[in-house]
Amino acid sequence: MNCILPPYIARSIAQNGSAAQRERALRLLSVDGTLRALRAAAPRRVPMVLAAPEAERRRTVYTAKNTQTLPGTVVRSEGEGPTGDPAVDEAYDGLGATWDLYWEAYARNSIDDEGLGLDATVHFGRAYDNAFWNGRQMVFGDGDDDLFRRFTIAIDIIGHELTHGVTEDEAGLRYFMQPGALNESVSDVFGSLVKQRTLDQTADQADWLIGAGLFTPKVSGTALRSMKAPGTAYDDPVLGKDPQPDHWSRYVRTLEDNGGVHINSGIPNKAFYFVAAGIGGYAWEKAGRIWYETLRDPEVRASSGFKTFARRTAANALRLYGPTSGEEQVVREAWGQVGIDL
Amino acid sequence: MHVELKTEGGVAFFPGLARPFVLEVTALSAEDAERLACLVEECGFFDREEAAPAARRGADAREYVLTIEVEGTRRRTLRLRDPVAPDLELLLDFVRTKERESRPRR
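Each protein sequence line maps, in turn, to chains Z and P. So for the first sequence, the numbering used here puts the first residue at 1; every next one is plus one. So for the second sequence, the numbering used here puts the first residue at 1; every next one is plus one.
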């Protein structure tokens with residue numbers, strides 16, 4: 001069942017190795033019955049991958065000069081030094097850290113796995129207290145200085161937004177109800193992994209907070225969300241109380257927030273935390289790989305809910321690490337702990 | 001004039017910010033009331049089509065449901081999405097600034 005080279009390494013060689021190495025890697029991939037091999041053999045990707053030079057970061061940071069015009073004016077391009085503007089430089093570094101996670105840990109070449117340039121606009125709008133992915137680029141506001149500081153201050157938010165692009169390119173999870181909550185959770189997972197990898201933290205050292213540092217000192221709270229303890233990130237007179245559930249039995253049925261996408265993401269977020277803590281070590285290595293492979297799994301579709309996604313994480317843990325290594329069991333137990341029995 | 005703004009979406013859901021914000025012009029200073037009236041007039045608020053949400057690509061963008069009513073005469077609701085058109089942005093900024101000013105002082 002297991003091929004000699006793990007598929008992700010074979011794929012990396014197929015992209016970057018010498019001609020002889022590439023030929024061998026492609027031969028391995030061609031006899032490997034895994035999902036990844038099937039995808040690697042898909043005509044859309046292979047010719048482009050083989051034709052591509054060494055993968056490289058292509059970052060461009062723009063400023064909207066406090067308007068809502070996108071993308072705005074270029075202020076820093078790939079290879080240029082710091083500008084001294086914290087929003088510009090944080091965006092540039094955060095894009096780099098996110099690109100690095102995807103390339104170095106999962107051999108993914110940017111958002112589309114085909115080397116798409118990473119574009120971000122900072123200083124969007126006036127007192128704009130949000131960050132978003134518009135389908136083509138990331139956008140960051142300066143915050144209102146009342147509740148929120150600038151949104152580039154949290155590197156996991158940069159990873160979160162960019163991961164929306166990855167999800168759009170892969171599983172395409174529909175942004176509504178359970179698929180939407182999974183979409184949001186996947187962004188939190190890889191956003192947190194970008195931060196953990198930047199800080200060289202193991203699962204037990206990480207704070208598992210999303211957006212720590214965004215709130216001004218006036219806010220009673222530590223972050224937008226907590227993956228380790230959903231529902232505890234803030235309790236504030238203006239913002240209200242963190243509404244995230246940490247268990248399927250407390251799933252929130254609502255039409256607000258696109259059917260609770262930022263609310264019910266607490267459930268799969270906590271499952272991921274349990275997996276990472278259960279496996280131990282650097283969370284991006286095994287737990288992250290299981291989630292990444294699941295995001296690319298053809299059986300995870302735009303309409304997939306928690307149960308399908310959970311089942312595929314277990315299937316991918318088994319495929320990647322085998323039946324005796326324990327990872328699959330950790331994954332099954334993690335979902336069970338949040339009320340999703342497999 | 002009566003203004004109501006409901007903000008949806010964003011990178012997180014905050015129950016306290018999800019409630020509609022209501023602004024009665026009678027509560028504004030004369031200067032602010034005049035400014036609001038100008039912004040509503042300049043963007044042609046009552047003549048604009050109620051915009052449909054943009055095609056569903058992307059994530060975490062904000063949507064704004066902005067309703068303005070002039071007593072007994074005109075009422076219109078526009079659904080806006082980031083990035084907002086420049087002339088509407090000025091009006092939206094005004095209402096959002098008033099929403100921030102209405103928050104409890106700490």
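Please keep in mind that the hints were generated in silico from the structure rather than gathered at the bench. We put the CB at the ideal spot given by N, CA and C, even for glycine. One or more hints might be untrue.
[Claimed, not checked] Heads up, simulated BS3-like pairs for lysine-lysine below, C-alpha to C-alpha not over 25 Å straight-line:
(1) K241(Z) - K228(Z)
(2) K65(Z) - K98(P)
(3) K218(Z) - K98(P)
(4) K241(Z) - K6(P)
(5) K6(P) - K98(P)
(6) K228(Z) - K307(Z)
(7) K98(P) - K307(Z)
(8) K218(Z) - K241(Z)
(9) K228(Z) - K98(P)
[Said to hold, decoys possible] In silico contact screen, one side only, chain P against chain Z (beta carbon under 10 Å); selected entries:
(10) G9
(11) F14
(12) A18
(13) E31
(14) G44
(15) F45
(16) D47
(17) R57
(18) R74
(19) V84
(20) R96
(21) K98
Results of checking the hints against the structure:
1. Using a Cα cut-off of 25 Å, the hinted pair K241(Z) and K228(Z) holds, with the two alpha carbons roughly 17 Å apart.
2. For the given pair, K65(Z) sits about 22 Å from K98(P) by alpha-carbon distance, which is consistent with the 25 Å threshold.
3. Among the hinted pairs, K218(Z) with K98(P) is consistent with the structure: their alpha-carbon atoms are about 19 Å apart, no more than 25 Å.
4. Using a Cα cut-off of 25 Å, the hinted pair K241(Z) and K6(P) holds, with the two alpha carbons roughly 19 Å apart.
5. For the proposed pair K6(P) and K98(P), the alpha carbon gap of about 13 Å is at most 25 Å, so the pair holds.
6. Restraint check for K228(Z) and K307(Z): satisfied, since their Cα atoms lie roughly 20 Å apart, inside the 25 Å limit.
7. Using a Cα cut-off of 25 Å, the hinted pair K98(P) and K307(Z) is violated, with the two alpha carbons roughly 44 Å apart.
8. Distance restraint check for K218(Z) and K241(Z): the Cα-Cα separation of roughly 15 Å lies within the 25 Å cut-off, and the hinted pair is therefore satisfied.
9. In summary, the hint linking K228(Z) to K98(P) is not supported, as the alpha carbons are separated by about 36 Å, beyond the 25 Å threshold.
10. Interface restraint check: G9(P) against chain Z, minimum CB-CB distance 7 Å, threshold 10 Å, status holds.
11. Because the smallest distance between the Cβ of F14(P) and any Cβ of chain Z comes to about 4 Å, under 10 Å, the interface hint for this residue holds.
12. The interface hint given for A18(P) holds, since its Cβ lies 6 Å from the closest Cβ of chain Z, which is under the 10 Å cut-off.
13. Residue-level restraint check for E31(P) is violated (minimum Cβ-Cβ distance to chain Z is 19 Å; threshold 10 Å).
14. Of the supplied interface hints, the one on G44(P) is violated, with its beta-carbon coming no nearer than about 18 Å to a beta-carbon of chain Z, more than 10 Å.
15. Hint status for F45(P): violated, given a least beta-carbon distance of 17 Å to chain Z, over 10 Å.
16. At about 21 Å, the closest approach between the beta carbon of D47(P) and any beta carbon in chain Z exceeds 10 Å, and the interface hint on this residue is violated.
17. Using the Cβ-Cβ criterion of 10 Å, the hint placing R57(P) at the interface with chain Z is satisfied: the shortest such distance is roughly 3 Å.
18. For R74(P), the suggested interface contact is broken, since its CB lies about 26 Å from the closest CB of chain Z, more than 10 Å.
19. Of the supplied interface hints, the one on V84(P) holds, with its beta-carbon coming within about 5 Å of a beta-carbon of chain Z, less than 10 Å.
20. Proximity of R96(P) to chain Z holds as hinted, the smallest CB-CB distance being about 8 Å (cut-off 10 Å).
21. Hint status for K98(P): violated, given a least beta-carbon distance of 12 Å to chain Z, over 10 Å.
The structure does not agree with the numbered hints 7, 9, 13, 14, 15, 16, 18 and 21 stated previously, though it agrees with the rest.
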